[in-house]
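Participant: In case you want the letters, here they are:
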Amino acid sequence: MSDIFPKWTNKLPGYVLAAGALMGTAVVAGVWYYFTPKYTRVGYQPVQPVSFSHHIHVEQLGMDCRYCHTGIEKSYHSNIPASSLCMNCHNQVLKDDPRLALVRESAATGQPIPWVWIHKTPDFVFFNHAVHVNRGISCVHCHGQVNLMDEVHHAKPLSMAFCLDCHRQPEAFIRPPEQVFNLNWQPESQTKQLADGARLVREWKVEKLENCSACHR
Amino acid sequence: MKTVPPPCPEPETGPRYWRSLEQLADTPAFQEWLEREFPDGASELTDPVSRRHFVRIMSASFALMGLGLTTGCRRPEERILPFSKQPPGYVHGVPQYFATAMPLRDRAVPLLVKSYDGRPIKLEGNPDHPLNRRAGGPGHGATDALTQASILNLYDPDRAQRFTYKGENVAREKALDALAAAGRAAAAAEGKGLAWLRGRTASPTQLRLEAELRKRFPRARGYVYEAVDFDVHRQAATLLFGQPLAPHYHFENARRILALDCDFLGSEQDAWHWTGGFARGRRLQSPNDPMNRLYAVEAVMSLTGANADHRLRLPAGQVFPLAAALFAEFMDQAGATQNMAGASEFASVLKDRARALPAEARRWAAACLKDLMAHPGETLVVAGHCQPLAVHLLAQALTHHLQGGGRTLSWQPAPEPAEGTLPELARALHAGEVQTLLILGGNPVYDAPADLDWPAAQRRAGTVFRLGYHEDETAALCNWHLPEAHYLESWGDARTLDGTLVPVQPLIEPLFGGLTALEVLARLAGLPVVKPYDLVRETFRELAGEAGWEEKWKRFLHDGYLEGSAPAAVTPTDVAWREAARAVLAHPPPAAPGAQSLEVVFLRDAKLDDGRFNNNGWLQELPDPVTKLTWDNAVLLSPATAKALGVYRVQEGYQGNPKALKTRVPVVRIELDGRRIEAPVWVQPGMADHVAGLVFGYGRLRTGRVGRGAGYNAYVLRTSAAPWVAAGARVTPASRDYELATTQNHWAMMGRPIIREANLAEYTHNPRFARAMDMPEPKSGAAPLYPNPLDELARHAPHQWAMSIDLSACVGCGACIVACQSENNIPIVGKEQVSRNREMHWMRLDRYYLGPEEDPQVVQQPMLCQHCEAAPCENVCPVNATVHDQEGLNLMVYNRCVGTRYCSNNCPYKVRRFNFFDYNRRPLDQLYRSPLTSFHDGEWELKRWFKNRDRGSRAQDEWDLMKLARNPDVTVRMRGVMEKCTFCLQRIAQAKIAQKIKAGASGDIVVKEGAVQTACQQACPAEAIVFGNLKDPDSAVARARAHPRSYVVLDYLAAKPRVTYLARIRNPNPEMPDYHETPLSTRDYLEHGGLLHGVGHGHGPAPEAAAHPAAATKGGQH
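Those protein sequences? They're chains R and C, same order as listed.
Remember, the numbering used here sits 1 above the position in the first sequence when you count from 1.
Remember, the numbering used here sits 665 above the position in the second sequence when you count from 1.
Check before you lean on any hint, since a few could be wrong.
[Said to hold, decoys possible] Partial pick of chain C residues on the chain R-facing surface, computed with a CB cut under 7 Å: (1) R744; (2) V756; (3) R1206; (4) L1310; (5) V1558; (6) I1670.
Rather than coming from a laboratory, the hints here were simulated on the basis of the structure.
Idealized CB from N, CA, C, for every residue including glycine.
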């Protein structure tokens, strides 16, 4: 029989078992990490065609979110501003800067700037920006502190579990309407947030929408 | 624990509702069909792909899956492309609405069009238009099925997309140069040899341009042709009063209506408006409200006949004798024969014309006339477009003399058209008098009368220019073909039926660079201005007056109509008796049809019109309102006629292919004046005997991917002498079968009081009659074991959604079905799949026949997801894919659904639809083919799939246009997923969001009444559907639910539906020979053991029950 099974085959089952165990661990670990609703795409930070810095525009220059994202209070989408809007300032400020060449070209030719899409919900999710920002949910809850980002990255998971955290307990997140676009605002304490939040939820009749139809149609 | 089945009044003998002759015949095959929601073979792999082949493909796909994993881990990088210059007033994601109108012939439907990111995606009626306004409330924008579906024509991949010369592509400029050159050549000869042919139009700009053309080319001539022409209404009015007038009917004011072969709820022009007027006269709030009464005389069962209180079936040729008898009798009774010179002679000739009328019809007419005369000022007699001028003259004269005051019928100025007719043009062509022919729209090669030999005539013209929407039969015989723009791409103007001027404004640039008739005419005339926008503005300036016309123009485009542009109604006093009488008497007395010489009646199709909507998938798949046929037309024959011909196929109906249970019907050959066609037979209950109904619009030789191969062409038999009714046809069996796809036999709900009816008298006596048919509350055993969690949730929710449908108002037109399809991205599935019960419509219209098949009563009922509070579908779903939300909606979660179809099996209303195939992604003729194994256009589908996984195996052009037509607010469902009516969840959510945005930092979150309208509700021309919030006790739906007529279907299942129906009221006349004291549905219910609970014996409809003591006892056992 040794002709058919040479001696080294004696160890084969051991190798197979070890390899199987390793593979299994790798698969479990991989799935564990990548498929968790806490991960999804957190940290995704593509290189954008124009190196636009929210940090400079918001923190240094004090611009409001809504100066550029004009549709946020009216529409499903938070629109990316048109190149012509950038040119409102940049036809005087940094008007020959090579970093803005693409913006100038776009405004002149009508070709759009191909920004890379970062915060994306699946097609079967109908997330409405307007209803959230008008009812005390801040940009920061889903997008993180964009005001401090030089290059925007995916800060929160935006998974269904993430949405439900807030939909189950809106009082822990809801804030006064005047602080919605202030991304640096912090509640004084967690207890005060819960107390104030509960009051807002009660006064504004905020619904805890946990049913499927809230987001899927 | 074993579930105790709820008590159910199952009939033991015979069916009580029957939906088809097959069902009445109770074939075993039908029984089998009833027991399964999906017929045999539906779930098996039936295509020729063998098991081995299947395994091979599967292993290949698993291998590919491995490949896919490596590439699919990373999400594709997607780009956001914002504007480079923001358009003012535009917010991305917020739909915009524009007011426009759909021109159809010389009328238009005023519309509001929803546009999303520059794509028109949904049509709605314009609620502010004068015709749509309602006193004391918001208006209702009515539409019809054709209008709703017309948006799909915009995205038709088979529409004409190129300029051609003799079939070869040419540049647009070259074609336009040729047109201008033809104009210059004609100008040199004062227009000699130039002719243009068009359909009817009311566009003031087009009429102005044609007048200009006539001025520049005095010897040129315009011709007009419509295969289905409604001009006879105008001709009759003009002749009757000796001045150019057209009638304007006011059905809302009529209390007694007599329809002489006039399908004013279906195939007549402007049915979208007339339906509303008719329904308003029947929507009773209390038993003492006045209610109209409809008498209908007709040959074929139409929607009007189906809704009539009294219906007389009569061959179409015999309608003239009936009208003559009616009028002569009227003259006698009104004393006209004594007082007017010549009147008695006229009356006696009329009586002579009516001699052939059967005695039964004579009695019917006499009783009807008595009722009409008892309601002066509230009577309306209308004649249909298929009837000759003589009938129209008598009908309008009768109305004129019975009303005195212009309440039910008014007249408007309507100039005599200056154009010639098609036979005149054919003669000119054959005589070689036309060198240049311009055809604007239309399709005469397909639909011209057969005796004109139109294809040969058209070939005789030197050069033929044609502006067409499709490259169809006519396009094949043209030199130059120019693509026509859709009305949603064009500037134009039109008039609605009351004469109000409406704009036609574009929502999108022409997708394929099409032209409009206005531009073509302007270029031909060599005008300096050719842009349609400028042309329309010029006309508007003339019509609106110079003062402040720019402001008026803006207002015009914003509102969608020009206020006060309708001409004032004319009340003519003098009847041109002599001319009218001469025209009436010129009509020869028709011979009654017999078994050897059948009468052929040509019918405008409810869906494809005269064939212009042939390539529209939504309309092809929409079941015909009466026959419930899809994708085909058939020869309609009465049961007795079919039996006499030996083509009454009922017993064998399903035996052809027991596996697939297809509807195979015999084919007959029809010969008329030496011309012949072969067509499948559809036995239509309620039809007049010895009549064959032929339906237009099908059998096209050159059409798009959708319409190809559908039906037979009825125009082959049509002559210009007998355009609507032809006598002397011979029908013989052709000894072959044909397969039809019908939705008629699907989901038959046997033996339950599903549609509840009462006569008006009975309703007055016992307003709660509908609830009397409910099953009594069970004493024990059927109470739910657990409390329904919804009860607790609903207490805290701000809204509880519900719907109520008034069966007295619903006429069954089907506008709701198409509106739903358009709003909710519902795919079409094709004829083969419809014949397997797989159509995807979320809403259907059930039509039941009651009584004898020769002359049944018809009832219709829209059926959609009932959103049961205790939904039977929910507790059988193994994956929780169908659940309730706190506002009472039964939700379908597509991502959870794994396709077990248990929910559908357990749904008592059979309203759930399953995606057996990727209907959105695969071509309908290749549904059974794996998209991974097909090879076309030199590329494997697999490779293409890797490039674009969304597209499936659809052709690129189809896919691109399909995507444009989609509503972005609704998920497009994939294969293997159940779906159903959502109560237009997206509209509810949008209204709630809008209210919450408005509320901001306040608690005012309750959506206001009227802010949510479902698509079906909005489209319904009869305003039969009410939708709203039950928590608001003043809401229309809460009031409707509390109405005494309100009931739920299958109440004994205790599913607590959120959809309720208002029982139907009939208003028959006890003096009529065909009077039934009780509606046949109620009588049937009682005869088969139903009981009227809470109604004392001897009251209301009880006498029938007492007449059948055995039945009553049987009922008592339940």
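Participant: Identify every previously stated hint that the structure contradicts and give their numbers, smallest first.
Facilitator: Going through the list in order, the structure violates hints 3 and 4 and respects the others.
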